[in-house]
Amino acid sequence: DAKTTQPPSMDCAEGRAANLPCNHSTISGNEYVYWYRQIHSQGPQYIIHGLKNNETNEMASLIITEDRKSSTLILPHATLRDTAVYYCIVRVRRNQGGKLIFGQGTELSVKP
Amino acid sequence: DTGVSQNPRHKITKRGQNVTFRCDPISEHNRLYWYRQTLGQGPEFLTYFQNEAQLEKSRLLSDRFSAERPKGSFSTLEIQRTEQGDSAMYLCASSLWGEQPQHFGDGTRLSIL
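Residue numbers (my numbering), protein chains in the order written: chain A, 175 to 286; chain B, 214 to 326.
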């Protein structure tokens, strides 16, 4: 299973873009990168996922490098409600059930 | 509410008692997952079902743990003879097959006295 490396914590000013990096240098060709976040006392919330191309949805953008060894989750205009632990996960391939292997994540603090 | 539902939200019990948790997945999701999360750590995979078949179990799932999904809809996780180390948040997630994302419930927090 490909491992991911994330900084343990980051700060961001409210209204600014939050850029959360993730390294996954051992990712295999058909493994996806998923991002989840977890607000205290709640279950993880799905944000976005991608394989090769950059992806954007109503919550965030995902930028994956061409060699796929790293990615960045971008929250374009962070609010106080975005304060959470963000997990970058490489998902085990389909025929292995697709379980998620969580690391320690990045604790993002959005400050006024 | 069409999300994943878990009951109860909190469970306090004495060491040695049996406990059972229930998970109702999103309708028509054929995959269902159980995870456990201790304080300060990310969730850890326990087991998963495709429809009613339990296809994978983590070595974290000792003999005291059993999970079922009898009709391929809701699932139960039972812990027998609870121990202090079982104190954790138990999370359930569901998904369609393939690369579709898993959606999590808000978990059942178990506290062992």
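Everything labelled a hint here was simulated from the structure, so no lab data went into it. Check each hint, because a few of them may be wrong.
Heads up, simulated SDA-like pairs for lysine to any residue below, C-alpha to C-alpha not over 20 angstroms straight-line [as the list claims (entries may be wrong)]: (1) A/177 - B/224; (2) A/177 - B/284; (3) B/270 - A/276; (4) A/177 - B/271; (5) A/226 - B/313; (6) B/270 - A/220; (7) A/177 - B/298; (8) A/226 - B/311; (9) A/226 - B/312; (10) A/226 - A/202; (11) B/224 - B/289; (12) B/270 - B/310; (13) B/224 - A/214; (14) B/270 - A/275; (15) B/270 - B/285; (16) A/177 - A/251; (17) A/177 - B/253; (18) A/177 - B/297; (19) A/177 - A/220; (20) B/224 - A/190; (21) B/224 - B/298; (22) A/226 - B/314; (23) B/284 - B/254; (24) A/285 - A/190; (25) B/227 - B/310; (26) A/177 - B/309; (27) B/270 - A/265.
Results of checking the hints against the structure:
Restraint check for residue 177 of chain A and residue 224 of chain B: not satisfied, since their Cα atoms lie roughly 33 angstroms apart, outside the 20 angstroms limit. Among the hinted pairs, residue 177 of chain A with residue 284 of chain B is inconsistent with the structure: their alpha-carbon atoms are about 35 angstroms apart, more than 20 angstroms. Annotation: proposed proximity of residue 270 of chain B to residue 276 of chain A holds, straight-line Cα distance about 16 angstroms (limit 20 angstroms). Our distance criterion of 20 angstroms between C-alpha atoms is met by residue 177 of chain A and residue 271 of chain B, whose separation comes to about 18 angstroms.
Distance check on the hinted pair: residue 226 of chain A and residue 313 of chain B sit about 16 angstroms apart at the alpha-carbon level, within 20 angstroms; holds. Of the supplied pair hints, the one linking residue 270 of chain B and residue 220 of chain A is violated, its CA atoms being roughly 23 angstroms apart against a limit of 20 angstroms. Distance restraint check for residue 177 of chain A and residue 298 of chain B: the Cα-Cα separation of roughly 26 angstroms exceeds the 20 angstroms cut-off, and the hinted pair is therefore not satisfied. Under the criterion of a C-alpha separation no larger than 20 angstroms, the hint pairing residue 226 of chain A with residue 311 of chain B is consistent with the structure, at around 17 angstroms.
Pair hint residue 226 of chain A plus residue 312 of chain B holds up; C-alpha atoms about 14 angstroms apart against a cutoff of 20 angstroms. For the proposed pair residue 226 of chain A and residue 202 of chain A, the alpha carbon gap of about 11 angstroms is at most 20 angstroms, so the pair holds. With a C-alpha separation of about 14 angstroms, the suggested pair residue 224 of chain B and residue 289 of chain B falls inside the 20 angstroms cut-off, and the hint holds. Between residue 270 of chain B and residue 310 of chain B, the direct Cα distance comes to roughly 18 angstroms. Compliance with the 20 angstroms bound is thereby established for this hinted pair.
Straight-line distance between C-alpha atoms of residue 224 of chain B and residue 214 of chain A comes to about 18 angstroms, which keeps the hinted pair within the 20 angstroms bound. A C-alpha spacing of about 14 angstroms is found between residue 270 of chain B and residue 275 of chain A, which places the hinted pair at or below 20 angstroms, so the restraint holds. A distance of roughly 17 angstroms separates the Cα atoms of residue 270 of chain B and residue 285 of chain B; the hinted pair therefore holds under the 20 angstroms criterion. Using a Cα cut-off of 20 angstroms, the hinted pair residue 177 of chain A and residue 251 of chain A is violated, with the two alpha carbons roughly 29 angstroms apart.
Under the criterion of a C-alpha separation no larger than 20 angstroms, the hint pairing residue 177 of chain A with residue 253 of chain B is consistent with the structure, at around 19 angstroms. Among the hinted pairs, residue 177 of chain A with residue 297 of chain B is inconsistent with the structure: their alpha-carbon atoms are about 30 angstroms apart, more than 20 angstroms. Restraint check: the Cα-Cα separation between residue 177 of chain A and residue 220 of chain A comes to about 19 angstroms, which is no more than 20 angstroms; the hinted pair holds. Between residue 224 of chain B and residue 190 of chain A the CA atoms are separated by roughly 40 angstroms; this puts the pair beyond 20 angstroms, and the hint is violated.
At most 20 angstroms may separate the alpha-carbon atoms for a hinted pair to count; residue 224 of chain B and residue 298 of chain B meet this at roughly 15 angstroms. Our distance criterion of 20 angstroms between C-alpha atoms is met by residue 226 of chain A and residue 314 of chain B, whose separation comes to about 17 angstroms. At most 20 angstroms may separate the alpha-carbon atoms for a hinted pair to count; residue 284 of chain B and residue 254 of chain B exceed this at roughly 32 angstroms. In summary, the hint linking residue 285 of chain A to residue 190 of chain A is supported, as the alpha carbons are separated by about 10 angstroms, within the 20 angstroms threshold.
Only pairs whose Cα atoms come within 20 angstroms are accepted, and residue 227 of chain B paired with residue 310 of chain B is rejected, the gap being roughly 38 angstroms. Distance restraint check for residue 177 of chain A and residue 309 of chain B: the Cα-Cα separation of roughly 24 angstroms exceeds the 20 angstroms cut-off, and the hinted pair is therefore not satisfied. Pair hint residue 270 of chain B plus residue 265 of chain A holds up; C-alpha atoms about 17 angstroms apart against a cutoff of 20 angstroms.
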